[in-house]
Structures are given as structure tokens and as C-alpha cells.
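Position chain B against the provided structure of chain A, taking the given hints into account.
Those sequence lines, one after another, are chains A and B.
Heads up: the first sequence begins at 1 in my numbering, then just goes up one per residue.
Heads up: the second sequence begins at 1001 in my numbering, then just goes up one per residue.
Just so you know, the hints here were simulated from the structure itself, not pulled from any lab data.
Here a beta-carbon is modelled for each residue, glycine too, at the ideal position from N, C-alpha and C.
A portion of the hints provided could be inaccurate.
[Claimed, not checked] Not the full set, but computed from the structure, chain B residues with beta-carbon under 10 Å of chain A:
| no. | residue |
| --- | --- |
| 1 | R1040 |
| 2 | H1200 |
| 3 | D1204 |
2 protein chains.
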Amino acid sequence: MITITSPQNQKIKDVIKLRDSKARRQTGLFVLEGAREISRALDSSYILRSLYVCLDVLSPEARDLTSQIDERLKLNITMEVFSKLAVREGSDGLVAVLEQKSFDLSSIPDKPDPWLLVLENIEKPGNFGALARSADGAGIDAIVILDPKADPFNPNALRASVGALFSRPLIVTDHETFATYCARKKIRIVTASPFAKDFHFQADLRGPLALVLGSEAWGLSPVWQKLENIPVKIPMQGLADSLNVSVAGAVILYEALRQRWS
Amino acid sequence: MITITSPQNQKIKDVIKLRDSKARRQTGLFVLEGAREISRALDSSYILRSLYVCLDVLSPEARDLTSQIDERLKLNITMEVFSKLAVREGSDGLVAVLEQKSFDLSSIPDKPDPWLLVLENIEKPGNFGALARSADGAGIDAIVILDPKADPFNPNALRASVGALFSRPLIVTDHETFATYCARKKIRIVTASPFAKDFHFQADLRGPLALVLGSEAWGLSPVWQKLENIPVKIPMQGLADSLNVSVAGAVILYEALRQRWS
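Extracted from the complex, chain A is given alone in its bound form (with noise of 0.2 Å):
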């Protein structure tokens, strides 16, 4: 196994480059740091293409994965070149490239009742992160981004979903597409609005059902003017006149899940 010791070295020039949104895009690749995370992705079907391993801090689960690893894909790294590869702290000594996948609305299992969670410019990646995290807990089938732009392989966002997007399908598209699929399909559409009637645990979350999130600062966007949903709003009771995105999105999901589980 070759051992990398200069941060200079092409390859590692390489992986630094697909913190870039435009590089992710062109490569189809993404860069993925710590043993949970890679593994998760590993059993969602994720392809490695490159494991970078720093010996001198390899967590015991980082070793154990490692040693699954075909050895034609694995690169030892200096601690110089790792602390040049790794961004987030109390890393265990793992950095993965990784392909992409694709998917698209065919991806969405094919089931009675599927729930789905519809994510519109979710401007900050930590956000989505989070989101998925509680989309993998909550069960939902499939996370749907309509942003044509979207790119669900930014490094915070994988930081934060803690390798929970990987369980997913991940979907991207747009409005129209969207939601002549939901009509097709008679999956009902929720939206999350402050200007809701209905509290969250008033609707019926039962059955085939998308739920939809739009923007921190912009809320939903004005398309769902003309799309028939049915908005809902959390709660208010002091100063705050809303919850962190993430947290609102938790809390409708969870809600679902008990109303499904009932």
C-alpha cells in the first residue's frame, strides 16, 4: 500500500477540490469523513472509489472498517496530509471518495401508502443535514428536493445527517414534475405554514402523504398558491414566532409516524 506524505500530491489536491459544489457536479463523486458515516454509506450501496487512511489516529471502528476494505482502493496518508484532508473534529483518521447516486421519482418504492419529505431551498446545509437525520428516524420513503440546483452531497450536510442521508433515496427535481407525479399517485400534499389553519397534529398525516418544508427565511414558495395542499402550522405559544427548520420538520414527521403507527 502506497503511503501519501505531501499535501502537494495530485490526488489529495483532488479530494480537497470536491468540497466544491461545481466539482462534486462534474466528477459525480463526493469526499466523506469518519468510520459511521462511510459505513453507513457503504451499506446504503454507495460505490468507494478511494479510502484514505491516516494510521497514526484510526479509531478502533475506523480499523475494523478498513480491514473490509479491497486493498486496491485503500491509500495511507501522513498526519500532514490528513489534517490538510479532514475538516470536522474528533475525526478517526477515515476520509472516503465516494460516487454519487442518482436517483429520480422511480426511485420511490412502489407501496400503498409511501410518506415522502419534500425539501424546497433549504438554504442552509446543516439544515438538510439535520433533516435527514430525523427522515431516517421518522422512516419516510424517499426525501424529494425540488431544486433543480440542489446538491445533497455538501460535506455539512452529510456532517450533520451523521451518514443518515445515504438511507434514502435522494431526489431531486422540480415543482411541476413533482407534483404531477402526487397527483398521479393521489399522494396528498402538506405544507408547513405558519398562515396554516390547522395545527400539525389536526390534519390526517395517514396514507400516502409528502410533506413539504420551504425556506428558513422565505417559508413556502408561492407556487403552492395554485397546487392543492393542505398547510398546517406547529404551535406557537411564547416569543418565538417559529422553530429552527429543522426542528419544525422533526416534529410534523414524528407526528406522522404516530398517527401511521395508530
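Chain B in isolation, oriented as in the chain A frame:
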């Protein structure tokens, strides 16, 4: 009104010191940025010691607030000074120094069915602030922090709460004092634990209630094995074994609100 033009001014140095927990403890003061946050603190009877105003970047909301403040408390600052004082992005020209309020268990409103959010060792101030925001939204009666060293006036906590932190008593106490109080007041203690048998929506969350959340990394402290409490868990259906603590707290708080309203 005087204008401070130098970042080396002693007053400015003193404000910057308040970013430090030790300086906050010694002075009983804290520092707060942003018109919305400062308004919320004043609405909640926090006492203003001084307001630093940078006219160059004042938003309309900030201008409005400034006009209502006693002239003797206001100090103009230049853009150069403001850029040293302000930490967060998109600040609107105001930095305030306020007096901390101290609360104890007697600050909990005397009502038939109080409900409390109880936090043990929440490591990240951002999570603490986000929990305070959700607790304010759900309408709890007080936040109890079971850590005598906790400092609820950490700048990151204040920022994450968007000022919602001020709406409720923030009670810092220890486990024993708190458990005795709950026993005397017949407050049921519900703890969030991945080892619980029941899901959060299967437990009765009505009536006098204390909801306890443990640390992000270590969960609940062993103390709870000896204290009477009802453990509940949130269903985890996917790859991730837990939710972010601020998300988990909101999910349980809003389930409690649903039950309490129905």
C-alpha cells in the same frame, strides 16, 4: 451622546470580555446582539446596562428599538468598533449589555399542572439555545438546568435561541434539590432514553410534568437509575441510532403539548 471610535476603548474591551464565561460570572452581566433578541430580553424584564449603536448599519427594526431607549444608556460606535463587538453575521447594528436574572425553583409558576424542560449536561450551547427556542414554542413553564456550573448566557446559546431563552425562568440547580421539589409537588419525571421500553407517544405526558434530556454524547447520568422516573424513547426506523438532542427534545415537547391540549 458620545461616540466611541477606538476598539481599544476600555468599555469596548469590557464588552468583549463578556464573551467569556468567567467574566459573565464575575459581573452578573451578559452581552446580546441584534434588535429582535434585545427586544425580547427587554420584553421579558431583563435590565439593560448599555446599548452600543452603530448608526452605519442600523436596520429599521433596530432604529425603532433604539429610539425607545433612555439616552443615558446609549453609546454610538463606529463601524470599526462594531466589527470588533459583533460576532454573528447579518447583525443589525446593536450590541447590548444586560443584567443576568437569577431564578430558583420558587420561580416556577404555582399552577395545577406545570411542565418543565430539564437539561442535564447539554454540552453544546447551540443545542441548549435551540432547545430553549422549542420549549418557548411549546409553552413550557420553566427550564431547569441540572448543572451548577451551567451558564445559560453563553453567546452561542443566546444566538441559537433567537431570544426565546428569555421568556421563561432559567433555573440552575442540582439533581437532589430538583428531585425533592418534584416529589413534593407531585411532578412526574419523564426521561428520554434509547433504552426505554415505551415510545414517547405511548406515555401519558399530561399533568405536572418534568421532561429530562441528557447529554448528547453520554445520555442520561446514572443518577436517574435511583430516582423515580418514566423513561421514553423516540422510534428510530433507519440507519441513525439517535436524533440530535435539540430535535429529540422538540419532538417530545410537542407530543406533550398535543396530549395536554386534547
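Do the hints match the structure? See the list:
Satisfaction of the interface hint for B/R1040 is found here, the shortest Cβ-Cβ separation to chain A being roughly 5 Å, below the 10 Å cut-off. Annotation: interface hint on B/H1200 holds; nearest CB of chain A at approximately 8 Å, less than 10 Å. About 14 Å separates the beta-carbon of B/D1204 from the nearest beta-carbon of chain A, more than 10 Å, and the hint is not met.
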